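> Residue-level listing of the chains:
Protein chains: 2
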Amino acid sequence: MNKIEVCLSPALIDLYSLKGKIVVIVDILRATSSMVTGFAHSVEKIIPVTAVDKCLQLKAEGCIAAGERNGQIVEGMDMGNSPFSYMAETLKGKTVAMTTTNGTLAIEKAREATQILIGAFLNIQHLADHLKQSKQDILIFCAGWKGRVNMEDSLFAGNLIQLLTATHSIEDDSAHLALSMYQQAQGDIATYLAPCAHAQRLAKMNIQKDIDFCFQKDKYQVIPHFKEGKLVNL
Amino acid sequence: MNKIEVCLSPALIDLYSLKGKIVVIVDILRATSSMVTGFAHSVEKIIPVTAVDKCLQLKAEGCIAAGERNGQIVEGMDMGNSPFSYMAETLKGKTVAMTTTNGTLAIEKAREATQILIGAFLNIQHLADHLKQSKQDILIFCAGWKGRVNMEDSLFAGNLIQLLTATHSIEDDSAHLALSMYQQAQGDIATYLAPCAHAQRLAKMNIQKDIDFCFQKDKYQVIPHFKEGKLVNL
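Taken in sequence, the protein lines are chains A and B. Residues 0 to 233 in numbering that gives the first Met the number 0 are what the first sequence spells out, letter by letter. Residues 0 to 233 in numbering that gives the first Met the number 0 are what the second sequence spells out, letter by letter.
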């Protein structure tokens, strides 16, 4: 049996060995959900960046620039961070430069891994099917919120672990914790997550529609994959 | 209402503000359980230290030296880390120099707090009663295992939060996560914790008796308290 571990925050990643592992990056609200949505709607590449400047520079080089700050599209950008923006016909075959702080940090820190994949509830079963066949050890890497552990990413980790029980054995306590949390929440994820700090933060920004969308399972059969500085469809 | 937060690992502590808060340090297997047991059996002071050398130096100055490495009492020390060692008649009124890596690190990092208290299942209700009356914000600080999140400390955090729901509101996702885990485990904590990595590690060292003891609730009515480099009974 292969092994599965969970890193609950980028601040903890140095405690994990990444070599020889598949790393699954998760940032449910909203970076990885939007990435998955984009590839499901025929976006060709996504370049995740932290800085707004870098994103605008990529726009000057021909990319579509996507970014929000405090719920508003950043001046000069073409679109915001909502997964609904990533469904646009105009993105087909295009490269999107996406600003995301937590998600980009996680991808940067995972570079030593054998393979870096993007996970969300939207593609969880398809991702699990791929991972089952991979016969490799897995680290689920939660992007968290400004370094802190968050509930929605941990819950995704628990869900993915449950889908992989036949092929992967739990290797650390964080994975046990995530699975336990998911088992308690699975009957009603939305109610379970209502008190979660980040969902509350986003709800205040009037993006409840985005949140509901990001918690939908198995909507898409794509797996974004990090390769040479860019995300492409696997 | 006052606030309650949980820091799941010393590697995350820099993300939390400690000023004006009571910090509860927890390292269930076995440092904080042994500390509580010691004060319940009339130990006068405990000096937590990381290095064996420092512990032996304190022995030379008149302390009782306690420390284990890989399940064996360290050469030159008077006793090991088991809570049962802390029940000895010979410790009454004495100062114990205790080597503990995870626990000491957590105490070092918590120095900015208004008050540093020691928690374990053994004193959890007594501690909760004190905290209810304190009318201050609380950070439960899990010592973890070599920087990683562990299950037994997180579970204690969830238990303590549940005991404080009437006076303290949950402030971060880690606290929600810990409470959720505890709610699932509370019917049968021992079974729930059986797969936990650290318990398995310790079980291999033939200290199942210690583990069973550390998961007992409300055995003692003491609260160790950090003051001027030493732990004393509150």
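There's no promise every hint is true.
One copy or any two copies: either way a pair holds, since identical chains are not told apart in the list.
What the hints assert, rightly or not - In silico lysine-lysine, DSSO-like type, Cα no more than 30 Å apart, as pairs:
id, residue 1, residue 2
1, Lys93, Lys134
2, Lys108, Lys145
3, Lys58, Lys131
4, Lys18, Lys58
5, Lys203, Lys18
6, Lys18, Lys145
For the record, the hints were derived by calculation from the structure and aren't laboratory data. All values derive from a computational prediction rather than experimental measurement.
> When Cα atoms must be at most 30 Å apart, do Lys203 and Lys18 count as within-copy, between-copy, both, or neither?
Result: close only across copies, 28 Å inter versus 40 Å intra.
> Are the CA atoms of Lys93 and Lys134 at most 30 Å apart within a copy, between copies, both, or neither?
neither (33 Å within a copy, 56 Å between copies)
> How do Lys18 and Lys58 come out at 30 Å by Cα distance, when the copy is not named: within, between, both, or neither?
neither (34 Å within a copy, 44 Å between copies)
> Using 30 Å as the alpha carbon limit, work out where Lys108 and Lys145 are close: within a copy, between copies, both or neither.
For Lys108 and Lys145, the Cα distance is within 30 Å both inside one copy (14 Å) and across copies (20 Å).
> With 30 Å as the alpha-carbon cut-off, assign the pair Lys58 and Lys131 to within, between, both or neither.
neither (38 Å within a copy, 55 Å between copies)
> Up to 30 Å between alpha-carbons, please classify Lys18 paired with Lys145: within, between, both or neither.
Answer is both; intra-copy 25 Å and inter-copy 20 Å each pass.
Checked against the numbered hints listed earlier, the structure breaks hints 1, 3 and 4; every other hint is satisfied.
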